[in-house]
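*Asks:* Single-letter residue listing:
Protein chains: 2
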Amino acid sequence: MDRKKLIQLIREKKSFLCIGLDSDMDKIPGHLLGAEDPVFEFNRQIIEATHDLAVAYKPNLAFYECRGSAGWQSFEKTMAFLATFKEAVFTIADAKRGDIGNTSEQYARAFFDQAGADAVTVAPYMGSDSVKPFLKFEDKWVILLALTSNEGSKDFQFLQLRETGSEPCLYESVIRKSMAWGGPDNMMYVVGATRAEALENIRRIIPEHFLLIPGVGAQGGSLKEVAMHGMNKDCGLLVNSSRNIIFASGEHDFALKAREQALLMQEEMKQVLETRRLI
Amino acid sequence: MDRKKLIQLIREKKSFLCIGLDSDMDKIPGHLLGAEDPVFEFNRQIIEATHDLAVAYKPNLAFYECRGSAGWQSFEKTMAFLATFKEAVFTIADAKRGDIGNTSEQYARAFFDQAGADAVTVAPYMGSDSVKPFLKFEDKWVILLALTSNEGSKDFQFLQLRETGSEPCLYESVIRKSMAWGGPDNMMYVVGATRAEALENIRRIIPEHFLLIPGVGAQGGSLKEVAMHGMNKDCGLLVNSSRNIIFASGEHDFALKAREQALLMQEEMKQVLETRRLI
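So the protein lines, in turn, are chains W and U. Under this note's numbering, think of the first position of the first sequence as 1, with each following residue one higher. Under this note's numbering, think of the first position of the second sequence as 1, with each following residue one higher.
Think of the hints as simulated: they come from the structure by calculation, not from any bench. Be aware that a few hints might be false.
Here are the simulated DSS-like pairs of lysine-lysine, each with C-alpha atoms no more than 30 Å apart in a straight line [said to hold, decoys possible]: (1) W:27 <-> U:77; (2) W:132 <-> U:177; (3) W:154 <-> U:132; (4) U:140 <-> W:154; (5) U:136 <-> W:27; (6) W:132 <-> W:4; (7) W:132 <-> W:5; (8) W:132 <-> U:27; (9) U:154 <-> U:132; (10) U:86 <-> U:5; (11) U:27 <-> W:77; (12) U:154 <-> W:177; (13) U:77 <-> U:132; (14) W:177 <-> U:177; (15) U:140 <-> W:27; (16) W:154 <-> U:177; (17) U:132 <-> W:27; (18) U:5 <-> U:154; (19) U:86 <-> U:14; (20) U:257 <-> U:5; (21) W:77 <-> U:77; (22) U:154 <-> W:136; (23) W:77 <-> W:14; (24) U:154 <-> W:140; (25) W:177 <-> U:132; (26) W:140 <-> U:27; (27) W:140 <-> W:224; (28) U:136 <-> W:154; (29) U:154 <-> W:154; (30) W:136 <-> U:27; (31) U:154 <-> W:132; (32) U:132 <-> W:132.
Modelling step: build the complete structure from the supplied sequences, incorporating the hints.
*Replies:* Here it is, written out as structure tokens:
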């Protein structure tokens, strides 16, 4: 999906919600466990119940890989089901991959060609040639880790660099350097919602790029603050919520309750978009 | 596998060779393509032909994931086959994973519980809570990316930090900080063979840890130099070779030729181990 279409989706749905499919087998409702593929059945019902409210879905690969190839099948079925919505949902394989060039190329094939994802999350530690192979695919996106929402982000991402002036810490260097590898049409950045104070700084460096914001909800970030500091003229945000939505209920009403939670977020997003005159 | 057993294997086999199973479907011999699972059949024959010469095998997940769940099945079958050698081979899932805590926990389950690997490669960018979940498994190992062998390693890993004195660049900070998360019994580090000049420096920081060294062969690193600068009193090295061994021939004799290449490396390793009086 290209940038123009993504912005159009946000305007149509009055939402910049991404639903994280962290579909933990141990947390899905018990009555689904008899299904042929309980995780896929769970995802299918969540997607059916929310696809008019969410612009994006983000399966988190760890929750599939922990069941080996059977889990990968649930992931593939989920991606195939999302593909039936055609250009009405943006899909993100949350995989945090990154390796030497010939290996990253295979990861790109896995998520773009095989799974048909629009975007994949990529870790920056190995540098340019670990990221560039993902950028060779038309209308596909790299979402590069910049500033994450977890406690451990303080270990390295905030390390002050000797280069003075414009790039005082590592996450800023990651953003600045990677701007030479791709642009706002094929790169986004992960910026944790728990780092709202850093969002303004990031927006000074990359005013146009989309940001994928995890950490709203379960991890404690605030949607209003994120919008205040991170929104740009095209919205420029995909705000992810996983557990708060998909595990809103562990009973038969799980899809309904997921919709209720998604609706609460979409309504708040609609207000923000209206206030900013983006819709 | 615990550290003692790994060191014992190195002494018994007179080798610190790790064979990288970057088993690219497009490169395996044509006559295997009719097999039920060509990639597994390729791996099986490579392992049969080399297991007395190699102490470790390292499937590179990208080359499996690029074929989706079918690829994951080839990976699982390969791990199950390696498990039949019991404590005679050390197994590394080269996956470069790392995410927030609850997600890394699922990745750890994927590779340690489901696939039965002894070790998994982990990316450090997200910090302590992205790595620690992998360290909760008994006799399992994290192999943390420190200094990689690719060109892009210069982008961030060598960035000079403001902290003066003992940790001037990022890769050193990664090593120093992570030493508080685990020890030489459950952590190793990836250090590219193309960075022999940095090995001595790294050995000053971590004299005891094992290092996984990719980049010998196809990427241009020298075994002698690596041994000279990186070996410790327990050997402390696993030197990986992938393409040079597994794709030594694309014909019916591929396993035989792989063995010849592995033997050349093992003989060189034996000499080094003897010179150092480690065997």
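*Asks:* If a hint holds in the structure, say so; if it does not, say that too.
*Replies:* Checked hints:
no., hint, verdict
1, W:27 <-> U:77, "holds (28 Å)"
2, W:132 <-> U:177, "holds (29 Å)"
3, W:154 <-> U:132, "holds (15 Å)"
4, U:140 <-> W:154, "holds (26 Å)"
5, U:136 <-> W:27, "holds (22 Å)"
6, W:132 <-> W:4, "holds (22 Å)"
7, W:132 <-> W:5, "holds (23 Å)"
8, W:132 <-> U:27, "holds (23 Å)"
9, U:154 <-> U:132, "holds (26 Å)"
10, U:86 <-> U:5, "holds (12 Å)"
11, U:27 <-> W:77, "holds (28 Å)"
12, U:154 <-> W:177, "holds (11 Å)"
13, U:77 <-> U:132, "holds (28 Å)"
14, W:177 <-> U:177, "holds (24 Å)"
15, U:140 <-> W:27, "holds (26 Å)"
16, W:154 <-> U:177, "holds (11 Å)"
17, U:132 <-> W:27, "holds (23 Å)"
18, U:5 <-> U:154, "violated (35 Å)"
19, U:86 <-> U:14, "holds (18 Å)"
20, U:257 <-> U:5, "holds (29 Å)"
21, W:77 <-> U:77, "holds (22 Å)"
22, U:154 <-> W:136, "holds (22 Å)"
23, W:77 <-> W:14, "holds (28 Å)"
24, U:154 <-> W:140, "holds (26 Å)"
25, W:177 <-> U:132, "holds (29 Å)"
26, W:140 <-> U:27, "holds (26 Å)"
27, W:140 <-> W:224, "holds (29 Å)"
28, U:136 <-> W:154, "holds (22 Å)"
29, U:154 <-> W:154, "holds (22 Å)"
30, W:136 <-> U:27, "holds (22 Å)"
31, U:154 <-> W:132, "holds (15 Å)"
32, U:132 <-> W:132, "holds (29 Å)"
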